[in-house]
Amino acid sequence: LKALYDSTDGPNWFNSWDFNSELSYCEFYGITCDDSEKVITQMDLYYNGLRESLPSEIGILSSLAVLGLHYNSITGMIP
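Letter by letter, the sequence shown follows residues 56 to 134 in this note's numbering.
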């Protein structure tokens with residue numbers, strides 16, 4: 056998630072993530088996890104001000120079933 060944040064101008068997102076907070080990443084805006092709260096299954100970050108390109112690390116999320124990125128300024132391919 057940090058790679059996605061860093062590569063898409065995370066500090067300027069409309070709903071930014073705080074990696075210094077005590078929140079679980081499953082509590083971050085737009086993130087949905089499975090019942091175990093350990094596996095990310097969905098990312099809904101539409102209309103959130105993401106810019107640039109997606110990092111290759113997004114491909115590591117093997118259980119990701121939904122990737123909602125519409126209405127952002129993402130360029131390039133989905134890794």
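Since the hints were made in silico from the structure, they are not lab data. Predicted, not measured: the structure shown is a model, and the values here were computed from it. Don't be surprised by glycine CBs; every beta carbon is placed ideally from N, CA and C. Among these hints, one or two may not hold up.
[As the list claims (entries may be wrong)] Derived CB-CB ranges, DEER-like:
#	residue 1	residue 2	range
1	77	132	16 to 22 Å
2	89	114	16 to 22 Å
3	112	87	27 to 33 Å
4	76	106	32 to 38 Å
5	131	71	28 to 34 Å
6	91	125	25 to 31 Å
7	120	79	17 to 23 Å
8	78	119	27 to 33 Å
9	130	77	19 to 25 Å
10	97	71	15 to 21 Å
Going back to the hint list, which numbers does this structure go against?
1, 3, 4, 5, 8 and 9
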